[in-house]
Structure formats: C-alpha cells, structure tokens
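Q: So you can see what is in the structure, the chains are spelled out below.
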Amino acid sequence: MALDDLKTKDFAFVGTRPNRPDGLDKVTGRAKFGADAHAPGMLHGAILRSPHAHARILRIDTSRAEALKDVKAVVTRADFSDQVPFAPGLEGEFWNVLENVMAGDKALYDGHAVAAVAATSALAARDALKLIEVEYEVLPHVTDVDKAMQADAPVIREGATDYSVPEGMHPNVVRMHESGHGDVAAGFAEADLVIEDHFTTEATHQGYIEPHACLATLGMDGKGELWCCTQGHWIVQKTCAALLGIETANLRVTASEIGGGFGGKTTVFIEPVALALSRKANKPVKLVMSRSEVFRATGPTASASMDIKIGMKKDGTITAAEGIFRLQGGAFPGGPAEYTAMCAFAPYNLTNVRQVGYDVMTNRPKQAAYRAPGSPMAAFAVESVIDELCNQLGLDPIEVRLKNASREGTKASYGPRFQRIGLVETLEAAKAHPHLSAPLKPGQGRGISCGFWFNHGGETSVSLALSEDGSAQVMVGTPDIGGSRASMALMAAEVLGIPYDNIRVTIADTATLGYNDVSHGSRVTYASGLATIKAARHAVEKLCERAAKKWGIPVDAVKWENGCAVPSGPNAGDFDPLPLADITADMGRTGGPISGHFEATPEGAGVSFATHIVDAEVDPETGKTRVVRYTVIQDAGKAIHPTYVEGQFQGGAAQGIGWALNEEYIYGEDGRLQNSVFLDYRIPVASDLPMIDTVIVEVPNPGHPFGVRGVGETSICPPLAAIANAVSAAAGVRMRNLPMSPPRILSALKAHG
Amino acid sequence: MQYHSPASFAEASQLAAAATGTTRFLAGGTDVLVQLRADIVTPDTLIDIKKIPGTRDITRNADGSWTLGVAVSGAEMGEHAALVADWPGVVEAMNLVGSTQVQGRATLTGNLCNGSPAADSVPAMVAAGVTATVTGPNGERKVPVGSIPTGPGRTSLAKGEVVSALHIPARGEHAGDAYLRFIPRSEMDIAVVGCAVNLRLDGDTISEARVSLGAVAPTVLLVEDAAAAIVGSTLDDAALDRLAAAASAACKPINDKRGTIEFRTQVAGVLARRVARIAYARAKGEIIKGHHG
Ligand SMILES: Cc1cc2nc3c(=O)[nH]c(=O)nc-3n(C[C@H](O)[C@H](O)[C@H](O)COP(=O)(O)OP(=O)(O)OC[C@H]3O[C@@H](n4cnc5c(N)ncnc54)[C@H](O)[C@@H]3O)c2cc1C
Chain G
16 MALDDLKTKD FAFVGTRPNR PDGLDKVTGR AKFGADAHAP GMLHGAILRS
66 PHAHARILRI DTSRAEALKD VKAVVTRADF SDQVPFAPGL EGEFWNVLEN
116 VMAGDKALYD GHAVAAVAAT SALAARDALK LIEVEYEVLP HVTDVDKAMQ
166 ADAPVIREGA TDYSVPEGMH PNVVRMHESG HGDVAAGFAE ADLVIEDHFT
216 TEATHQGYIE PHACLATLGM DGKGELWCCT QGHWIVQKTC AALLGIETAN
266 LRVTASEIGG GFGGKTTVFI EPVALALSRK ANKPVKLVMS RSEVFRATGP
316 TASASMDIKI GMKKDGTITA AEGIFRLQGG AFPGGPAEYT AMCAFAPYNL
366 TNVRQVGYDV MTNRPKQAAY RAPGSPMAAF AVESVIDELC NQLGLDPIEV
416 RLKNASREGT KASYGPRFQR IGLVETLEAA KAHPHLSAPL KPGQGRGISC
466 GFWFNHGGET SVSLALSEDG SAQVMVGTPD IGGSRASMAL MAAEVLGIPY
516 DNIRVTIADT ATLGYNDVSH GSRVTYASGL ATIKAARHAV EKLCERAAKK
566 WGIPVDAVKW ENGCAVPSGP NAGDFDPLPL ADITADMGRT GGPISGHFEA
616 TPEGAGVSFA THIVDAEVDP ETGKTRVVRY TVIQDAGKAI HPTYVEGQFQ
666 GGAAQGIGWA LNEEYIYGED GRLQNSVFLD YRIPVASDLP MIDTVIVEVP
716 NPGHPFGVRG VGETSICPPL AAIANAVSAA AGVRMRNLPM SPPRILSALK
766 AHG
Chain R
2 MQYHSPASFA EASQLAAAAT GTTRFLAGGT DVLVQLRADI VTPDTLIDIK
52 KIPGTRDITR NADGSWTLGV AVSGAEMGEH AALVADWPGV VEAMNLVGST
102 QVQGRATLTG NLCNGSPAAD SVPAMVAAGV TATVTGPNGE RKVPVGSIPT
152 GPGRTSLAKG EVVSALHIPA RGEHAGDAYL RFIPRSEMDI AVVGCAVNLR
202 LDGDTISEAR VSLGAVAPTV LLVEDAAAAI VGSTLDDAAL DRLAAAASAA
252 CKPINDKRGT IEFRTQVAGV LARRVARIAY ARAKGEIIKG HHG
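Just so you know, the sequences run in chain order G and R.
The first sequence begins at 16 in the working numbering and counts up by one.
The second sequence begins at 2 in the working numbering and counts up by one.
Source of the hints: derived by calculation from the structure; they are not laboratory data.
The C-beta atom is built at its ideal place from N, Cα and C for all residues, glycine as well.
Just so you know, not all the hints are guaranteed correct.
Think about it this way: if two alpha-carbon atoms lie no more than 25 Å apart in a straight line, the pair counts; the simulated PhoX-like pairs of lysine-lysine are [claimed, not checked]:
1) R:Lys290 - G:Lys162
2) G:Lys456 - R:Lys290
3) R:Lys258 - G:Lys765
4) G:Lys295 - G:Lys253
5) G:Lys145 - G:Lys328
6) R:Lys253 - G:Lys765
Which stretches of chain R does chain G cover? Using the computed rule of at least three CB atoms under 8 Å from a CB of chain G, they are [as the list claims (entries may be wrong)]:
7) 6-16
8) 177-186
Bound conformation, chain G alone (with noise of 0.2 Å):
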C-alpha cells in the first residue's frame, strides 16, 4: 500500500467550510462549560485575596470562618504538598505555580490567594471569607518593569535568579537571553540612517469570556476526578498531583468546553485549590472565579520596556539591528523576554543582529500565556522604528520590508535557517491588495506591519476507533479552542474518505488517552492534525489488511482510494471496490474492531509569517481613535478549514486594536489594580471594530502531511505596530508607548504643537 506522505492538492474534504460539530450545543446553550457542572452534595469554594501588593503573612486565623455550621472546610498553603522543590528561573516551575495559587510567606501581588473556604452556598463561602483574619505586614513594592531593575527596588525573591543573568544585576532580574550574529557596531557604521528609540507597552489580559470554573472531587483514598475549563488537562493533572502531593494516574482530569483562553488558560489557578478543598470536606466542591479575581489573580501577559537601534542605508537595505527587551512577568520567573528578543527581527534577513531580553519579576500576577507570547511588543517597537526609517528616507514600507524579508534560507536573527516560509508572499499580496491603494479621507492614516512566531509541535496522541456502521470517533487530547474539532474530522475524512458528517470527534479525558500537551502553541491543528492523519492512515492500513485478506491477495496489492479498498492495478486481480462500511460490518469476525492510533512529538512544526494593513483616524481634538479599515494577510500553510482560519486572523487583529488601543492593567500608587472588571478594562466592543478582512496565503509546510502551519499566535503578533504606524500617521507624532489612550494621543498632540 503506497501513502503519499506529503499531499497538497486534490483534496476532497480538507479546505470546505462545513458547521463545526460543536456549535448547535454551543448556541443552543446545551454545551458544558466550566461552571456547568454539578454534583450531589457539592460545596461551593471561594478564594481569600491578598489586599496588598507586597506583605509579608504573620498570622492566618481561621477560626471564626470555621465555626460557621454552613462552612466545612478551610485551606490555607499548610494543606499543599511541601514536598514541591524551589529551585531558580523555570526550574522550579511547580514550585512557583503552587506559591501562585496559594500563596506561603509573603503575598506576592495584590490579589493573591492567602486562604479558601468551601461552604454550603456560594453566598456563605464568600461570607465566611470575610471571617479569617490575616495580619499583614506591608512591604515595599514595585509594580514598574524598569523601576524593578533600579537598585532601590525592594527584592520580591532572593534566590529566584538563574544561570543566565549576569552578576551586578538587581535580583528581581531572574533570567537573561542574548543571541544574534554578525558584528552590530560595524552595520550601523555602514547605515545612511540610524534610528535609536525606546517603546512601552502595558500588561493586557487574554479577556477571554468565560472565566475559570472547575469541579473536584478528591477521596480519602487519594483518587480524584476533577472537571475544569482549560487548554490542557494534562499539565492540570500532572500540576496539581504534584501541588497535592498524589499519583498522577489517580486524578482524572475532563475538559469542559471552553469559553476562549488564548493562552490564559494552560496553567492552573483554582484546580490545586478546589481538590485541596475537596480532600479536606471529603465532598465535591465547585470553585468559579468572578471577573475581578480572573483579572486580579490569573496570568495577563507581561509589560515592556524596549530599547530599538536600526541603521539602514539609502536603498532601504537594513545594515544592522539591536534590540534590549525587558519584561516583567509578575512575581515570578517567566516573563516572555526570550521569545521577545528572538521574535523582534525574524521577518528579516540582517547580517548584523543583536538582541538581549530580560525577565523580570514585580509585584504583579504571574503572567500567562498570551497568544504568540512575547512577540506582538517587539513588533510594535520593531516595526514602528522600520516605519519611521522609511519615513525619514522616503522609501516604500512595502519595498523595505521586500527587500529585507527572510526567505527560505536565510539565517534567521535568533539562530537556526529558516525551511520554506511565507512572509515574502505575505508581502506580494499585500502589495496587490485594493486596500493599499485605496484613497485615505482627512485625518486619516494607513499602517503596515510584519509579524513572526514559531509554533510549536508538542507532545500528541491521538485515536481514532471504527463503528460496524462505517462512521469513525476520534479521540483527541488537546481542548477545542478554535474549531479543531472540525478540523480534525475534515482531515481524517480525507484519509478515511467517508463523509465528515460520519466522524465524531471527541476530547478524550486523561483517563482514556496518553498524554497531550496543551492546546497552545498554535499547535492543535498541526500536531493533533498530523496524529489524526497518521491515526487514520493507521486505520487505513487494517482496513487494507482486510480486504486483501477477503480477496486473498498480498496487503501491497491494495489500495484505498474514495473511501474504498481497490485492488492497485490491473496485477492485483478484479476485485470491485470495498467499501469501508462493507468492511466494518464484518469487523468482528475478520479479526476484531479496527482502530488507528498514533503518538509522537511531531518537530515540523513550521513558522508562520503575516502582514497587515491598517487604516486609522484621530480625532484631533480628543485624541480618540477609529480603525476604520483592517486587513489580515498570514500564510496558514494550508487551510483546513477556511473559516476557522479567518477565524483565527480576525480574533488575533480585534484583540490587537484592544491592546493598541485602550487595554492596560492600571495600578495605583498603593500597588493595587485599579480596573479589575470591563468596565474599566477596556476591551473593544463589537462596535468599536471594523469588517476585518482576511487573505489566506498558502505555502504548505514540508512538516505537516498537508502542508498545514498553525494560524492561532501570528496573528496578534503584527496588530500593534501596524495600528501605531497607522495612527502615528494619522496624528503626526510617532506613538511610542501603548495603549494609545485618548489622553496620551492628546498630550503628544500637545507636546508636539
């Protein structure tokens, strides 16, 4: 049997746009989300907050909230394993997670979690909280990235810093990354122009709709069974066995649906908190977090300071770029300021690059992946000095970025050479988008950006079991955040060859299926996709097995084509073609049920490049801005299914214009968050966006069977910088810090004359 491994036309299924499998439940409102979930005798949980940003704890008094007869159980970090070990940087990743969700000595961030209470009703648990005293003493704190790195900053963890950072640094400085090649001193030397600039940006929150909910369950026998809304419930098993202190195999951990994660949701936050709970009340207890404590207490990404240096010469050609990347990730190591640097020149192909990121801690939540984490800020800073480059030579920001676009090849800034890429298509398209061309009204301006990120493959096991009727189940591991359900049913019916509407699709729980990393990484559709494929390939190949079997010829004499077992010439025999259904039917007597299986750690994952097109207006007398036009151009290798992948671009640009716009996390002098609900955060409302058009471009990735590149990150990584492109132009003063509030466009309005 011959399997073309790398298939990238001629497709039956793969590229239509059926219904995804999950969305009569979803607008019928039938599906189970997070706090859908119930149980008999299930208590309710809720979380005690630290007030301060900084304090040491001296004294947790329980006791009231105890004697309450609705309250039946109490926790505080005494009820956690201490057998997690503190090690520096990301070593001590469990270690850090379990300070995050309960925390020890000291409260961390305002919002911290100091204590929990599982009580009869929701209402009594959050009252009974109201009853555990917790005697503070406040400490110094510092919520500011570079004021963090100053000498005087009060040191949040001695002993957190790894390796990597040089010695002389402040100790909130916990990890250090430097990579590059070529000789920087030497391009800039050669440069016409060299424009040397420095960029904030401000932590945002993923905003996804849903927020945290989950339901456990964990005996005296120390077996468990917990429901939660996550990307991944295997790192939440493994996580939260370690922070209890149980066998992995014995917590049970099922996916509800999920209402957007976006990155926020592949750690755990409540799910520790609520078995610690449930063990002690011997009871199923339900923990939801309101939308302040979503805000409060789980991961927004980090905030940026950046130092930007590029010289270019006269004919556009970039001659050397350096960047210094800070970020703050909250109290904890862990803040993105690797992928930061080494996303920041990836769409170019420089012969001198430098780049340097530092990870820093404050007194602030411990971030959390956010869509393409660490890339969108240094595209902004990147991007806004290329601009401002063409600006001042006069040159075509399109041409430029041609000109010095990575190609299949190139060196890449952060190291390795790159394999088939797509951003040079990116490019052409939007050259010879209407957009670029179309007229601007007064006050107006147009922005354009490129964008990188690098997926990721990741751990993948996948099943996929036939039914005497003929239909197929799949059993996936990684949580449905985007569509993949109709993805992964698209791609094993175009294996299979039997109709999508026969294929179910299902996120097995980690009790049925090995492990799977997390949906993250714009990984689902590449890694579990490729697993489905060779799952049913795998299928396939018994399916064959059969049929030569029945016909009692050699299995390398039949083919599968059309859904059908065919002999695979003339040679074979004349046999009329099998059907796949015909075959099942007889499954149980022709040697058992017939299922595919398929696990690995697929490496091909393939980067993924975009650009975008964007039209601005400023009100110049309010500093209020429009985006009044968006385009989203991005190699999607191959598009599954076309919806879902515009889907995908238009969620990563809204989100962008939110973060570019008006989102921030805002913190008063007292270290406390200022704006921990939407009405302060200030997300964009429907109206507030424009139609977001899409142009898949698709140069297939040679590590997919179908040339597939995930599409979930890179689009939020060119928003940024094309929107303060745009609106720099509209304004005519460079935007240098995000958000572009109002009253920050008005006062370099002002600043400006």
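Chain G is already provided as a structure; the job is to place chain R with the ligand on it using the hints.
A: Same frame as chain G, now just chain R with the ligand:
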C-alpha cells in the same frame, strides 16, 4: 435581606423610615443588583417601587410639561415619539446608558440617585431644568434634580425619602437640547466627560441657555459662565470659543484610571462646542439623531 414591594410612595417612605441598616430602592436594579452581586453593597432592606401605580407612565400635562414615573425605562423614553421631539437631549442621554438589555430596565431616577458623577442622564436633566417630587415622612417636596446628588454615591435625600416623580418643563418654541459624552470606545463605557446644552432662540440669537457638565467634578455642574458665553450670540466662532473656555474653566476633575485632569478639562470644552451646535440646530427645527457613544 428584606424585600418589600409597597403599593404607594407613602408606604415606601414609611418602610424606608422604619428600616435599619442599608436601604436601597429598587427601580431598574441595574446599579443595585450589580453592586449586590459584586459584594459592594448588600442592602438589608430592598424596596421595589415598580409596583406603585403610575410609575411606568409618561404623561404630557396640559401646559406642555412632562411627568415621568420613576420606573420608566430608557427604552420606553426612546420609543415615545412626542417626548423625543420635545426633549431629544434628555432622551439621548438616557439612551446612552448601557446596552439594549440595560435600557429595558434602567431609569432616570436610578441614574440620578445612584449618585455617580459620571451618570449620563443627569447633566441633560440639569440643563433641561428637570425637577423631582420627593416623598418623605413629612409629605412631599419638589426640588431641582441637580440638588439631589451631593458627591460620589451620596444624595441629599433624607432617611425615608423617595423620589416619586420627575417633571420636565414645557419645551416651548424655538428651543433645543442635546447631550454628548466622551468615551474611548463606541459604547458600553462610562463617561470621561459629559456635557449637555439646552437653549432657546429669538430668531438666530440665543435668548436662554443652560450648560451642564458631568464627570468633571464630584457632582454634576451647572455652568452659568458657559451659558452666559453664548446667550446673545448666534453661536458664532467667538461665542463657541468663549463657551469652550468657560466649560474648561469650570472643571474640577481628578486624575484617575478613566482620564487625566488635563484631558478632561480640554475635552469638556471640545464637547461643549459640539453639543451647543447640535442644540442650536435642533432649536432651528433640524432633526438630529442621538449619537451613540
Ligand atoms: C452594563 C451596564 C452599563 C451601564 N452603562 C451606563 C452608562 O453608560 N451611563 C450611566 O450613566 N450609567 C450606566 N450604567 C448604570 C445604571 O444602568 C444607571 O445608573 C441606571 O440609570 C440606574 O437605573 P436603575 O433604575 O437601574 O437604578 P437602580 O439600580 O434600581 O437604583 C440605583 C440607585 O438609585 C436609588 N433609587 C432608585 N429609585 C429611587 C427612587 N425612586 N428614590 C430614591 N432613590 C432611588 C437606589 O436606591 C439605588 O441607590 C450601566 C449599568 C450597567 C449594568
């Protein structure tokens, strides 16, 4: 928590007067219930005034003035063509509150008595000269609505006092009103600055004006200097400059997460110009639809 639904304002007033702890009246509940769920204010006594007869009525009196029941929702105001024709500014201000869902419940009285300096309908009511009937243990009194809010979350209503009706003056000839707010987004946001203008013309010349600002001081402001700046003018550029300067000068804002002092002060002037132009055009008989945002 005790929940009451009295049949008259006298009874509502008695219940409130006798209550201990925290009391809230329940009109649309779009502030009360949100604050309850967010654990900001948990009332001990909740007095639902919606079941009192007449609280959903919009009545045009013989003299052309209007009486509005205290449970009339924003949506009901927006759908009342004659009210919109007379007082487009008051209605557009109320209609800016929240979303379609919120509009089905939210009331002018609730917006007023919640005491937010950023409440959208309040500057429009102040500019329009709206008065309120307040029913208390000692009977009724009538007050200008501007005297009710006394600071963020505070009002001049005494224990046992409840607003029992709102009165909008007769519109009269050659007059118009308008309201605009500044928000960074297009909707579902809270005013960083709000401005209302109500004026009357004699020919092309402004003969009467009232200018009111919201969100730039602890309470709504009636800015007499701003009104004086345009009275007697045809709203020419010089008058608009004077108006903007007077509006900015009246601001006593704070720096907060929603805006800076500098920003609010400047934008107050910008809005005053824009609102005055709309009110002027309306006084001239032009139909100008409410702005969303
Ligand atoms: C999603 C959302 C968006 C919003 N957007 C806006 C907005 O854009 N602009 C804006 O200004 N507001 C906004 N609000 C706030 C709120 O909707 C308004 O303030 C609304 O007008 C309140 O009216 P209500 O009838 O719901 O008041 P309620 O919540 O019923 O009451 C509010 C207050 O008024 C008091 N009260 C009510 N009736 C009386 C009475 N008869 N006598 C004495 N006191 C009384 C109550 O005790 C309470 O303190 C928003 C709220 C939500 C939830």
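Q: If a hint holds in the structure, say so; if it doesn't, say that too.
A: Hints versus structure:
For the suggested pair R:Lys290 and G:Lys162, the alpha carbons sit about 49 Å apart, so the restraint of at most 25 Å is broken. Only pairs whose Cα atoms come within 25 Å are accepted, and G:Lys456 paired with R:Lys290 is accepted, the gap being roughly 24 Å. For the suggested pair R:Lys258 and G:Lys765, the alpha carbons sit about 20 Å apart, so the restraint of at most 25 Å is met. Our distance criterion of 25 Å between C-alpha atoms is met by G:Lys295 and G:Lys253, whose separation comes to about 20 Å.
In summary, the hint linking G:Lys145 to G:Lys328 is not supported, as the alpha carbons are separated by about 65 Å, beyond the 25 Å threshold. The hinted pair formed by R:Lys253 and G:Lys765 meets the criterion: a straight-line CA distance of about 21 Å does not exceed 25 Å. Beta-carbon proximity to chain G at under 8 Å applies to 0 residues in the stretch 6-16 of chain R; the threshold of 3 is not reached and the given coverage is violated. Here's how the stretch 177-186 of chain R fares: 3 of its residues keep a CB closer than 8 Å to some CB of chain G, so the rule of at least three is met and the hint holds.
Violated hints for the displayed structure, listed by number in ascending order: 1, 5 and 7.
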